[in-house]
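For chain F, the structure is supplied; the task is to place chain R on it using the hints.
There are 2 protein chains.
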Amino acid sequence: MATPIGSSADAIGRLKELDREARRFEHIGALLGWDRETGMPPRAIEERAHQEALISALHHEKITAPQVGELLEHATAEEGTLDAAFLTVKRREYEKNTRVPTEFVKEMTELTSRAQAVWATARAENDFPAFEPFLDRIVEMNRRLSDYLGFQDHPYDALLDQYEPYATTAEIDRAFCDLEAGLVPLVAAIAEVRPPDDSFLRHRYPADGQERFSRELMVALGYDLERGRLDRSAHPFTTTLGAQDVRITTRYQEDFLQGSLFGTIHETGHALYELGMPAELQGTLLAEGTSLGVHESQSRLWENMIGRSRPFWIHWLPRLQAIFPTQLEGVSVDQFYRAVNRVAPSHIRVEADEVTYSLHVILRFRLEVALISGDLSVKDVPEAWRATSRALLGIAPESDSTGVLQDVHWSFGGFGYFPTYALGNLYAAQLLDVIQRDIPDLWDRVEEGDTSQVLAWLRSHVHAAGSTRRARELMKDVTGRPLGAESFLSYLTSKYGEIYRL
Amino acid sequence: MATPIGSSADAIGRLKELDREARRFEHIGALLGWDRETGMPPRAIEERAHQEALISALHHEKITAPQVGELLEHATAEEGTLDAAFLTVKRREYEKNTRVPTEFVKEMTELTSRAQAVWATARAENDFPAFEPFLDRIVEMNRRLSDYLGFQDHPYDALLDQYEPYATTAEIDRAFCDLEAGLVPLVAAIAEVRPPDDSFLRHRYPADGQERFSRELMVALGYDLERGRLDRSAHPFTTTLGAQDVRITTRYQEDFLQGSLFGTIHETGHALYELGMPAELQGTLLAEGTSLGVHESQSRLWENMIGRSRPFWIHWLPRLQAIFPTQLEGVSVDQFYRAVNRVAPSHIRVEADEVTYSLHVILRFRLEVALISGDLSVKDVPEAWRATSRALLGIAPESDSTGVLQDVHWSFGGFGYFPTYALGNLYAAQLLDVIQRDIPDLWDRVEEGDTSQVLAWLRSHVHAAGSTRRARELMKDVTGRPLGAESFLSYLTSKYGEIYRL
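So the protein lines, in turn, are chains F and R.
Residue 309 in the numbering used here is what sits at position 308 of the first sequence, and the numbering runs on without skipping anything.
Residue 183 in the numbering used here is what sits at position 182 of the second sequence, and the numbering runs on without skipping anything.
So that you can see chain F by itself, here it is in the shape it has in the complex (with noise of 0.2 Å):
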């Protein structure tokens, strides 16, 4: 190395300028990402993968350098410091990234990059057995990967750990037995009853007023559009392209309303949590989520919590009849909430209502942890599928097509992040808890379009931290108790008990 490194203070100020440089590559490749999604011409899409492959190996080579690992080795900052935190995360970074070799990676880019071809043909003509070798090799090199990376308890710690870091199996495992054993029976007695009539929500809504609605809706949350931007894609996503600009998609079905209704709320809570990133953090690995679980519990909240909730309508119904008076003639608030929170058990996880989501979510994560133990074989995976399915929604899928093959999440490699998403929901209810006591006029500002205070609670007690904090310990110490089903489960017993007057 040609620069001597001195003394640890000067080793944490080369490692901030050098995790500063990565995340510049970073937000490069979001900007090439985004834009391949919302407007890149067609035909570009080849050149594109090559700009994209060049930046991510850069961003890689930046953050695996072996003078990454002098200066880390050199490094020490008093516990408690901003500093130990950024240490913390840089060598983890660090850690995860160099302990993988570069061959398994191209081997796994190699693997993934078929397999999602393979997987969306096989998923168009429903055949799982052309799909099945695929999978079978990505599984065995998940356990490989696992092994890499390293876990104390079980394999799908490891796994797991690339996306809620420091999760473990076994907690996960707990908190979704007594989610299962709280939702099973919910969703029973729901069904029992009547469905509310969400029919108008399918009449002709053209995607420009949805657009308009989507926008007025975004900024009255708290999204700034001198920092960010809304355009369509495919699917919807949040990007980050660095602390003053992090966008958002969203999608228009012009018969399904509620899709970028509350996709875009979705995507904002993302947003505003990228948004809510302190000064001191940004530019620096540290101004990130904490974990995908705390991040889908930011859009969750805002989502199905705020925006699902009747003081919302009681504001915004008026405003979207503005934009949809036809379509919209003579819905009430009550109606309207009743639509948009109707349960039913389906196929669809992406389409799954509040209550049955999380049970899509524990049906995946119970067949990647026996699949990746090894008490699950990849030929079995579609029977396996359907009689969990059949277990927590009470219903199975007609074909693969809508069962084993539904998600992309597999076809790319991701083991372990199915997960977050039911984490997501968890975290959510037991922020509302502590919301709801420390603003008790809550609902009163909801009811007017104010949720200004919600912002404010969620930047002070969540964003502020940034990824300084773990997830499990920020949790614990913001809402007053360790993650568990309890909160979500008494939030969904309330709601829909009073909905379907159970």
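These are computed hints drawn from the structure, not numbers from a lab.
Any given hint might turn out to be false.
Copies of the same chain look alike in the list, so a pair counts if it fits in one copy or across any two.
[Unchecked claim] Distance condition first, Cα-Cα at most 27 Å in a straight line; then the derived DSSO-like pairs of lysine-lysine:
no., residue 1, residue 2
1, K107, K97
2, K63, K477
3, K107, K63
4, K496, K63
Same frame as chain F, now just chain R:
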């Protein structure tokens, strides 16, 4: 160097690989710039500057790497082959970029970054003295730049060469003298005649309608929306994000219809050139316009010679009237044609008509040459501007804001750029002569809205060469004559003689 170079073929192969990567950085930089101008959230500007600087530094590193120099030493190719052309432009790129010391580039970047801000304020406040010391340093630095780059006859040659490779001050001066001699009396003769009525172009034309028409027009001219997009920006531009991704922007002034009409055709002309590069050049340095002058010949040919022709509007006016029926009610093709070709000396270059435009360029060329040769000092520029303007256009600006301060170019250090705008006119007219000879029914086809033969002609005669050939030689071979003002003057005399009944 780690890898031995081996044969010349190996060296060329490796150079091409390195070049491909350099192009990728260029294209990524183009996306960052495109996004900045079309839709980036305003507060992202500072982070974006860092991102662009990072990519630009990586690009510079790539093209000036010592390895490139070594490979160039070992690489030879048979004259007339594609490899030989590649080596020529690659060598040129390497030398241009290594001759200038990094320290100088840094100094220039810092100077012009400050100068642009100062210039913007100075222009707004009509305060040349505020900008004067910056212009003074910029001229001085351009003289040093010229020394670094090297030249044979005139220091201005080196600056010119940055934008119009291999062009000389002497040859441009000759052409511009002839041009002046023809234009000045033409402008004077036109000034004697009552100008055509163009008031209907200043009705209110909503931007959405203009955009609809722009899109229809560009597609009809041969622009492939699968390989590009049309967006809005404050200043129209064309940018290349890859062989399959060339985007244009335009702006819609609601009380100035011809702005977007001809702006869109102009940028489409640039884009068709970039999109017309043959497959074997794509992804290499050869897949670029061979000079800015030739680039401008494409945009001007489409904008003025085709787009401002009477046959063109025989086809397109009814379509435009369908979009703007009240604004263009009762306007005949002849009225429209005459209105969009109205000539009047004015102060602002970018708003100038086809006849007076080149005089604005000659003015700047003369002052630049005098400044670089030391015959004119910066403090005397405002007066020299007025005197030259009077001599060329018959009018002198009342303020420096509409005189010496009107263009951004000097503030960013771009000496040598302006002449290419007028070269474009000269080359375009020379090309038109041959196109009219090769396509006897050209104007009948244009009248039917079919310009495909023009595009096919340009593709095979101009675009196919990319930058494998020098501008001057390519144009001479294609048009059968060296650079001169004759074609352009005779085109103008005939067209405007008829319009103004001279």
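**OP:** If the cutoff is 27 Å on CA atoms, where do K63 and K477 land: within, between, both or neither? Let me know, please.
**Re:** neither (34 Å within a copy, 50 Å between copies)
Original post:
Within a copy, between copies, both or neither: where do K496 and K63 come within 27 Å Cα-Cα?
Top reply: neither (49 Å within a copy, 61 Å between copies)
Original post:
Given a CA cutoff of 27 Å, do K107 and K63 count as a within-copy pair, a between-copy pair, both, or neither?
Top reply: both (17 Å within a copy, 24 Å between copies)
Original post:
Taking 27 Å as the upper bound on the Cα-Cα distance, should K107 and K97 be classified as within, between, both, or neither?
Top reply: within (16 Å within a copy, 37 Å between copies)
When held up to the earlier numbered hints, the structure conflicts with 2 and 4 and fits the remainder.
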